[in-house]
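We have chain A already, so just place chain B on it with the hints.
Protein chains: 2
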Amino acid sequence: MKIAVDAMGGDKAPAEIIKGAVLAVQKYSCEIVLVGDKEKIRNMLDKESDGKNFPITIKHADEVINMGEHPADAVRCKKNSSIVVATKMVRDGECDAVLSAGSTGAAVAAAQLILKRIHGIGRPAIATPIPTPCGTTLLLDSGANVDSRPEHLIQSGIMGSLYAEHVLKIKNPLVALLNIGEEETKGNEQAKETYQLLKNLSTINFAGNAEGRDIPRGKFDVVICDGFVGNVVLKFGEGLALTIMELLTEELTANGGAKLLGKELIAKTFMNMSKRLDVSENGGAPLLGVNGYCVISHGSSDAKAICSAIGVTKNYVDSKIFERIKAAL
Amino acid sequence: MKIAVDAMGGDKAPAEIIKGAVLAVQKYSCEIVLVGDKEKIRNMLDKESDGKNFPITIKHADEVINMGEHPADAVRCKKNSSIVVATKMVRDGECDAVLSAGSTGAAVAAAQLILKRIHGIGRPAIATPIPTPCGTTLLLDSGANVDSRPEHLIQSGIMGSLYAEHVLKIKNPLVALLNIGEEETKGNEQAKETYQLLKNLSTINFAGNAEGRDIPRGKFDVVICDGFVGNVVLKFGEGLALTIMELLTEELTANGGAKLLGKELIAKTFMNMSKRLDVSENGGAPLLGVNGYCVISHGSSDAKAICSAIGVTKNYVDSKIFERIKAAL
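So the sequence lines, in the order shown, correspond to chains A and B. Residue numbers for the first sequence follow our numbering, beginning at 1 and rising by one. Residue numbers for the second sequence follow our numbering, beginning at 1 and rising by one.
Isolated chain A (complex conformation) (with noise of 0.2 Å):
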C-alpha cells in the first residue's frame, strides 16, 4: 500500500510531517510518498532517517495552498501545489491514499475536482471520530459543505454507518439525526424532512434525533448533520475543554488541591485527558463520498497525530469500504 503525504500541509509542515511518516512506516506496512518541495524534505528527511532505508519515496510540488486562499480557486490555479499533485497520484493509481493536514477546504476541492464524486453522491462529507466515554461516536459532515440539502445528509447517513461498521469494526451501528429535540416533529425544515426519508431507509440502523448532548456522551454510533453545524460544534468542543482545564487548575490552585498533586501530575493528569479529547490524536478524518481515498488531519498536527492518521488511512484503505459505498448508492 502506498499513501500520499501532503508534506507541506498543517501548521507543523514540513518537519512534523515527515517525522509522522517515518514513525508510520517502522509501525505499519505501508510506503508512503511525500509530496511538497524536494530539496526540503530530502534534506529533513536524512535527518530523521539517519541512514536508515525507509519505504518513503518524494515527489516534487514547488506550490503550497494557503489556509486563507479560496479552496477551489486555488486548486484550479496552483496545478502544483502538494495537496493537487498529492490527489492526482491517487487519480492515476500512483498512491492508493492521500492524507493531508492542510486547508481543509483546499483537501477536500481537490478531491472533489480531481477524484471527482462518487455516482450518486451529491456532497461528500468529513467523517470526525469523537472520543466518548464508551468510544467513538462518527459526526458527519463535519465542515466539508456546509448547505446540506436533506438528501445529503441521508448520503452521509449511509457513508457513515458503513464506516462505522467496516473501519471502527462497529456491529450493526446507531445512526441518528443531529436535532434540537428527541421528537420526530422537532427541528428547522431540514432537519424535519430528513427525518422522514431516514424513517423509511432500510439499509442503516436509524434511532432517531440525537440532541448535542448526545454527541460527547456516545449514546450513538454516527451522528448526522450539516457541515457548517458540524465544523461548529467540533470547534466549540476545542474551545470549551481548554477553557474547562483552564478552570479546574484555577480551583485546584485557590483550594490547595493543586500543591497536593504537584506540577508533575497535574501536567500528566491535563495531558492524558487532552489527548483522550483531542479529535487529532484519534488520527485522521476520512472524507467520504468522492472516487478514492482522502483523509484530513487537524491542522495542528505533529508527528505522532500524522503517524496516528497515517494508521487510520491504511486501516481506510484495507477496508474497501469505497467498493461497498458505490454498491450501496
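Hints are computed from structural coordinates only; laboratory data are not their basis. As the structure is a computational prediction, the values presented were derived from the model and not from experiment. Be a bit skeptical, because a hint or two may be false.
[Unchecked claim] Computed beta-carbon distance windows for the label pairs:
#1 202/B x 329/A: 44 to 52 Å
#2 79/B x 326/A: 51 to 59 Å
#3 46/B x 254/A: 50 to 58 Å
[Unchecked claim] Calculated lysine to any residue pairs in the SDA-like style (CA-CA distance at most 20 Å, straight line):
#4 268/B x 253/A
#5 186/B x 76/A
#6 219/B x 245/A
#7 263/A x 249/B
#8 186/B x 70/A
#9 268/A x 256/A
#10 219/B x 247/A
#11 263/A x 60/B
#12 259/A x 264/B
#13 268/A x 262/B
#14 304/B x 26/B
#15 186/B x 200/B
#16 171/A x 208/A
#17 275/A x 213/B
#18 259/A x 73/B
#19 275/B x 247/A
#20 263/A x 253/B
#21 38/A x 66/A
#22 263/A x 250/B
#23 219/A x 245/B
#24 219/B x 242/A
#25 116/B x 70/B
#26 186/A x 73/B
#27 192/A x 71/B
#28 186/B x 73/A
For every residue, glycine included, the Cβ atom is placed at its ideal position computed from N, Cα and C.
For chain B alone, coordinates are given in the frame of chain A:
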C-alpha cells in the same frame, strides 16, 4: 416590581421553584406571584416561609404544559396553564415580567401569541449568557427559532448588543457572527448574506465572524447564530463538560491523584467547576424581541438557580432595555 413565576414548569417544579422564590424575595426587593396549582403551592409555601410574611402571592392555574406537547397548540388549547396565565399577567400589566423553567417552546409560544413581537422584529431570540474564563459571552438565538433568515440574525445582533450593554454592563460590546471561519467569504448562504448586512450596520460594534471555539474562550461579548445551531452548541457543551469530568476522575483514580486529593476535595473542586460552567447558575436567559419581559430558565433548575434567574429578571426589567430595543428598530 412584581414578577410572575411559573411554579409548575421545570423538572423540579413546584418544590424547587417555590423555594427559589422564597430565597429571591429575601435577596432582592421584588414581589413574586407564583402561578399554578393553588393548593399545592400554598402547602409548600407555608412550609417554606415558616410563619414569616413574604411578598409572595399565588395565582391559580389548573393546567400544565408538558415537555412533549406541541408548544403553539398547547398554548392555544390550555388557556388555564401556568405559563399562559403567567404571561397574560404581564400583558395585562399585573406583573412586570414572567419567568419559567418549563418547556422552552411553550414559554416562547406564549410570549409570541400573548405579548406579541415588538414591531420590526421578525423572530424573538433567546439570549443565553455563556460563562468564559474572562466573563460572559451572550449567545443568541439559543433556541427560540430554528429557521432564521439573515434579517432575523441582524435583529438578534441589535437586541443582543443592547442587552450586553445595558443589562450585562459591557461597554461597547463586540458582536460577532457564528461561522466556520474568520474570512467574510466563509460559511453557508445565510452566514454570507448576514455578514454583508452586519458590516453595513452602524448601530452595533460588529467584529466579524466568530468560530465555535471563540464562544467558550470569550473572544466576543455577543455571538449571533440561528436557534438550531445555538441549541445544538449549548447542549453539546453540557454533554462535553460531563464527559470531561468523568474522564478526569478516571485519570486521577488511575494515576493516584484521587488519593492525594481525597474524596471531599475532588467533590468540592468538581462542584465549583460545574457551577462556574453551568448556564443555569448564571441565571436565566431573556427572550428578546417580544412586548414584555420574559425570562427562561434551564429545565433542571433548582432553588438556587431560580433565585439567580429572578435576580436576572429584576436587572432586565430595571434596565428598561425593552424601550431601547423598540427605539432602535
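Structure-based check of each hint:
1. Range check, residue 202/B to residue 329/A: about 50 Å between beta-carbon atoms, so the 44 to 52 Å window is met.
2. Under the hint 51 to 59 Å, the C-beta atoms of residue 79/B and residue 326/A, about 57 Å apart, fit the expected range.
3. Evaluation of the 50 to 58 Å hint for residue 46/B and residue 254/A yields a failure: the beta carbon distance comes to about 41 Å.
4. In summary, the hint linking residue 268/B to residue 253/A is supported, as the alpha carbons are separated by about 13 Å, within the 20 Å threshold.
5. Between residue 186/B and residue 76/A, the direct Cα distance comes to roughly 18 Å. Compliance with the 20 Å bound is thereby established for this hinted pair.
6. For the suggested pair residue 219/B and residue 245/A, the alpha carbons sit about 17 Å apart, so the restraint of at most 20 Å is met.
7. A C-alpha spacing of about 17 Å is found between residue 263/A and residue 249/B, which places the hinted pair at or below 20 Å, so the restraint holds.
8. In summary, the hint linking residue 186/B to residue 70/A is supported, as the alpha carbons are separated by about 9 Å, within the 20 Å threshold.
9. For the hint linking residue 268/A to residue 256/A, the alpha-carbon distance of about 18 Å falls within 20 Å, and the restraint holds.
10. With a C-alpha separation of about 16 Å, the suggested pair residue 219/B and residue 247/A falls inside the 20 Å cut-off, and the hint holds.
11. With a C-alpha separation of about 58 Å, the suggested pair residue 263/A and residue 60/B falls outside the 20 Å cut-off, and the hint is violated.
12. Annotation: proposed proximity of residue 259/A to residue 264/B holds, straight-line Cα distance about 16 Å (limit 20 Å).
13. Proposed proximity of residue 268/A and residue 262/B is supported: the alpha carbons are some 18 Å apart, at most 20 Å.
14. Pair hint residue 304/B plus residue 26/B holds up; C-alpha atoms about 13 Å apart against a cutoff of 20 Å.
15. Among the hinted pairs, residue 186/B with residue 200/B is consistent with the structure: their alpha-carbon atoms are about 18 Å apart, no more than 20 Å.
16. A threshold of 20 Å between alpha carbons decides the hint, and for residue 171/A with residue 208/A the separation of about 18 Å falls inside it, so the pair holds.
17. As the CA atoms of residue 275/A and residue 213/B are separated by approximately 18 Å, the hinted pair is consistent with the 20 Å bound.
18. The straight-line distance between the Cα atoms of residue 259/A and residue 73/B is roughly 57 Å, outside the 20 Å bound, and the hint therefore fails.
19. Taken as a hint, the residue 275/B and residue 247/A pair is honoured in the structure, with Cα atoms around 11 Å apart against an allowance of 20 Å.
20. Straight-line distance between C-alpha atoms of residue 263/A and residue 253/B comes to about 17 Å, which keeps the hinted pair within the 20 Å bound.
21. Our distance criterion of 20 Å between C-alpha atoms is met by residue 38/A and residue 66/A, whose separation comes to about 18 Å.
22. A distance of roughly 19 Å separates the Cα atoms of residue 263/A and residue 250/B; the hinted pair therefore holds under the 20 Å criterion.
23. Pair hint residue 219/A plus residue 245/B holds up; C-alpha atoms about 17 Å apart against a cutoff of 20 Å.
24. Restraint check for residue 219/B and residue 242/A: satisfied, since their Cα atoms lie roughly 13 Å apart, inside the 20 Å limit.
25. For the given pair, residue 116/B sits about 19 Å from residue 70/B by alpha-carbon distance, which is consistent with the 20 Å threshold.
26. Straight-line distance between C-alpha atoms of residue 186/A and residue 73/B comes to about 14 Å, which keeps the hinted pair within the 20 Å bound.
27. Taking the CA atoms of residue 192/A and residue 71/B, the gap is near 16 Å; set against the 20 Å cutoff, the hint holds.
28. The hinted pair formed by residue 186/B and residue 73/A meets the criterion: a straight-line CA distance of about 14 Å does not exceed 20 Å.
In this structure, the hints that do not hold are numbers 3, 11, 18, in rising order.
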